[in-house]
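Whenever a hint applies, use it, and build me the whole structure from the sequences.
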Amino acid sequence: MEISLTVNGEKHTVDVPPNTLLVYLLREVLNLTGTHIGCDTSSCGACTVIMNGKAVKSCTVFAFQADGAEIITVEGLAKNGELHPVQEGFMEKHGLQCGFCTPGMLVLAYELVNTEEDLSEEKLRKALKGNLCRCTGYQKIVEAIQYAKEKV
Amino acid sequence: MGVVGQPVKRKEDRRLITGYGEFLEDIKLPGMLYAVFVRSPLAHGKIVSIDTSEAENYPGVVAVFTAKDLEGKVNDNPVAWIVPDSNQADVKRPLLARDKVRFMGEPVAVVIAESRQAAYDAAELVYVDYEDLPAVVQADEAVKDGAPLVHEHVPNNIALKWHVKGGDVEKAFSEADRIIKQRIHIHRAAPVPLEPRGAVAKYNPGKDKLTVWVTTQNAHIHRFLLSVILNEPEHKIRVITPDVGGGFGAKIPVYIEEAVVSFAAMQLKRPVKWVETRSEHFVSSIHGRDFIGELEFAVKNDGKILGIRGKNYGNLGAYYSTISPGCVTVLHGLILPGTYDIQAFDYEMYGVFTNTAPTDADRGAGRPEALFFLERMVDIIAQELGLDPVEVRKKNLLPPGENIKTVTGLVYDSADYQKAMNKALEIADYEGLRKQQEELRKECRYIGIGVVSHIDICGFAPSKVVGAVGLQAGQWESAIVRVHPTGKVTIVSGASPHGQGSDTTYSQIVSDILGIPIEDIELVYGDTDAVQMGWGTYGSRGAATGGTAVAKAAKKVFEKAKMLAAHFLETEEENLEFKDGVFIRKDNPEKKITIQDVALQANVAWNLPEGVEPGLEAEVFYDPSNFTYPFGTHICVVEVDPETGQVDFLKYLAVDDAGNILNPLLADGQVQGGIVHGIGHSMYEAIVYSEDGQLLTGSFNEYALPKAHLVPHIENHYTITPSNVNELGVKGIGEAGAIAAQVCVANAIIDALKPFGIKHLDSPYTPARIWKAIQEAKQNGGNA
Chain A
8 MEISLTVNGE KHTVDVPPNT LLVYLLREVL NLTGTHIGCD TSSCGACTVI
58 MNGKAVKSCT VFAFQADGAE IITVEGLAKN GELHPVQEGF MEKHGLQCGF
108 CTPGMLVLAY ELVNTEEDLS EEKLRKALKG NLCRCTGYQK IVEAIQYAKE
158 KV
Chain B
143 MGVVGQPVKR KEDRRLITGY GEFLEDIKLP GMLYAVFVRS PLAHGKIVSI
193 DTSEAENYPG VVAVFTAKDL EGKVNDNPVA WIVPDSNQAD VKRPLLARDK
243 VRFMGEPVAV VIAESRQAAY DAAELVYVDY EDLPAVVQAD EAVKDGAPLV
293 HEHVPNNIAL KWHVKGGDVE KAFSEADRII KQRIHIHRAA PVPLEPRGAV
343 AKYNPGKDKL TVWVTTQNAH IHRFLLSVIL NEPEHKIRVI TPDVGGGFGA
393 KIPVYIEEAV VSFAAMQLKR PVKWVETRSE HFVSSIHGRD FIGELEFAVK
443 NDGKILGIRG KNYGNLGAYY STISPGCVTV LHGLILPGTY DIQAFDYEMY
493 GVFTNTAPTD ADRGAGRPEA LFFLERMVDI IAQELGLDPV EVRKKNLLPP
543 GENIKTVTGL VYDSADYQKA MNKALEIADY EGLRKQQEEL RKECRYIGIG
593 VVSHIDICGF APSKVVGAVG LQAGQWESAI VRVHPTGKVT IVSGASPHGQ
643 GSDTTYSQIV SDILGIPIED IELVYGDTDA VQMGWGTYGS RGAATGGTAV
693 AKAAKKVFEK AKMLAAHFLE TEEENLEFKD GVFIRKDNPE KKITIQDVAL
743 QANVAWNLPE GVEPGLEAEV FYDPSNFTYP FGTHICVVEV DPETGQVDFL
793 KYLAVDDAGN ILNPLLADGQ VQGGIVHGIG HSMYEAIVYS EDGQLLTGSF
843 NEYALPKAHL VPHIENHYTI TPSNVNELGV KGIGEAGAIA AQVCVANAII
893 DALKPFGIKH LDSPYTPARI WKAIQEAKQN GGNA
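Protein chains in written order, with my numbering: chain A, 8 to 159; chain B, 143 to 926.
If you're looking for bench data, these hints aren't it; they were derived computationally from the structure.
Take these hints with a grain of salt, some might be off.
Unchecked claim - Below are the EDC-like pairs computed for lysine to aspartate or glutamate, each with C-alpha atoms no more than 16 Å apart in a straight line:
hint: 1; chain 1: B; residue 1: 793; chain 2: A; residue 2: 129
hint: 2; chain 1: B; residue 1: 151; chain 2: A; residue 2: 95
hint: 3; chain 1: B; residue 1: 698; chain 2: B; residue 2: 654
hint: 4; chain 1: B; residue 1: 151; chain 2: A; residue 2: 129
hint: 5; chain 1: A; residue 1: 133; chain 2: B; residue 2: 790
hint: 6; chain 1: B; residue 1: 242; chain 2: B; residue 2: 227
hint: 7; chain 1: B; residue 1: 378; chain 2: B; residue 2: 790
hint: 8; chain 1: B; residue 1: 914; chain 2: B; residue 2: 904
hint: 9; chain 1: B; residue 1: 547; chain 2: B; residue 2: 530
hint: 10; chain 1: B; residue 1: 151; chain 2: A; residue 2: 35
hint: 11; chain 1: B; residue 1: 793; chain 2: A; residue 2: 118
hint: 12; chain 1: A; residue 1: 156; chain 2: A; residue 2: 123
hint: 13; chain 1: B; residue 1: 453; chain 2: B; residue 2: 436
hint: 14; chain 1: B; residue 1: 170; chain 2: A; residue 2: 35
Below, the structure is given as structure tokens:
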């Protein structure tokens, strides 16, 4: 079926089978491989993208549900080579190690710094509970997002 | 001041935060096929027949392979650790199950198709007829007479038995005031990197060249073993490591899937890709822990430990994994006396086959289990003797020093265990915590304090030593430091980082030695055609072994650069000063040359001294003289709600001593990640099989990786006791957190339960288990 959507500001019209998941559309059709797949139960959050301003797990969204939507992936965070504050924060505070969960964490962080006022450690830890990281122990991810909040 | 020791931001980050990491799943090759494995639904069964015809005829399917198709063409997957004097059973793993399946998830067939979807669909059409056999999943059950045999030729399922004895054990136990005994089961968990395993193989028949991209921590070990398995000469195999999304031990082994995909690519002469799903990961990637210890400690009434006696059953699963025999023996038993002065030791270690997925290294590999036994026992001793657990620890700690020989024959490089412990106790206000605990108990609130003195074996390793204990590999590390004509530097290392940040730390090391900015330096690793032989990254060896090789190579480069600078400046080397990358004549500071200009001159070689080779690079193969032994003290404070068994964290404080720290920002990250790994293994994560060998925790819905809100804020501190093994004075910090935290949390929780008369509780420390323990204790007359 034909689907039109905007990804990182660019309009795409694609023809995909109706059972295509958004994450496959992004990775396999549009070659945006920054978004990752870490599980098959919507648990890990590595596939998180922004859809119409909200963080969603793109493994749990059919491509057709994104018809007409505005999508932001990790590739769309930096503008003209300038890192977004959440990216700066992750670099500054060592919010990543292997980098596999990072794209999902970054876009979730992007939503949080744009929409939440209270980014206390407790609040942030709860907000991160849908995204798994095995490397960092989360603490530096929390610090990275707090750093970014100061900058936006 | 140099950049080593500074919190330098990582060079690796930019690609990973902008979506330009290159992970295995991102690889697409022209004409690429997809592999899906047909796995056993049974834990134990005879394969009566396999019917692949329907799958073979499914649209898009190119081939279906079973064990029969592999016969005579490949070899079984060998084990790379043969423990001497252990009577280790000869068991090799077939790439696809032959005659029998031995654990749920064992691959029986592989379907190769034009698309992943077709391969999945067709895999459903491979019909395997099994005859169900009784299964055994627990190691102490498997060794009993009459238990089902996983391998018919291995009696009592005992794969190996290794015995370490030192000192006068009989005397220690006869002189003891008390003998404190406890059985401890450290439940099975798994390393679980966020990136699943995968492999892409490509074969060029014209060159007879096999290229395999694989999620590995050690490309060269993969090349070595794939060569053995596939009968393909080693120089005709190229293994490439893309960005690897975490390993924690799970990506050390050479997995049969990787070999099957390679075989398929060679047979079909088309690239073949396989990436496991997370559910496949849980049934078929390695698991860890699952040790059952029976321990006896001979103690005096004042808490002095005279000796340790005991045995352990380490659950190997259905087959050996690449280094698993070492994980249940050498890497475990030798460190069991820990940081304590224990003079008598008698310990038997069994590796046991069961109808479960193979186990292997899981962030610490044998050492977390040793420290768990030891530090749990010290708390039990304190409770039995009515002493403070810290008092017992202090009474037994080895004195500060260097080259301390232990009862098991290890030589601790440098030690100051008191310093780390005192620092932790002081920062945490241990006395105050105990008072607070006392006060709160009056209000029926139960806080618990866990204190552990941890130690790790790192910096793998002196090759002669690991060879003597059976590792079928060397453990030295290599490095090339190459200065290009423009003065930029490539480091080529046999280590293989996958999140550790070695591009940054190695660049820091080279930058300080050569005076070249770190942004002008880059690390190349993980490609066997580009990188000289090396052994990869695990066992906290990246800094101590890989980093030292880099430092040595950089120093060699510097020596040559200095010699050339003297030549170009027409003076003697003694007359040169080196500052910020510039060689300056002491007698005439106007005359100077940058190291970049030296590099250009060295590379064009228009004017070199007689007999000097062109180029500015050096290669080093560094074999350390000893392991390194980082240590520290961790303190955890929890509150347990006796009504629900819920555990809340009040404090987690870590004092680690890994010798000199190359980059404190990255060190904090390593320790914090390790601690959360340990907390997860203690409280949340559990691999659970039913009695008949069905995996009950096959996804993230059942296997609870720690989430951000379930783990505490960690306070990191350090003491610095440089290692005397290497010139950097570094020890390694990748596993310490996991080793310390798993038992630290256990001790804290059980300390909270002390008023109920609870002495020990096996993990995982879920609310249900804690609540049940409290109820049982109350029924048995526990007060509180």
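For each hint, the structure was consulted:
no.	hint	verdict
1	793/B / 129/A	holds (14 Å)
2	151/B / 95/A	holds (11 Å)
3	698/B / 654/B	holds (14 Å)
4	151/B / 129/A	violated (26 Å)
5	133/A / 790/B	holds (15 Å)
6	242/B / 227/B	violated (29 Å)
7	378/B / 790/B	violated (55 Å)
8	914/B / 904/B	holds (12 Å)
9	547/B / 530/B	violated (28 Å)
10	151/B / 35/A	violated (32 Å)
11	793/B / 118/A	violated (30 Å)
12	156/A / 123/A	holds (9 Å)
13	453/B / 436/B	holds (5 Å)
14	170/B / 35/A	holds (10 Å)
When the structure is compared with the earlier hints, violations turn up for hints 4, 6, 7, 9, 10, 11 and for no others.
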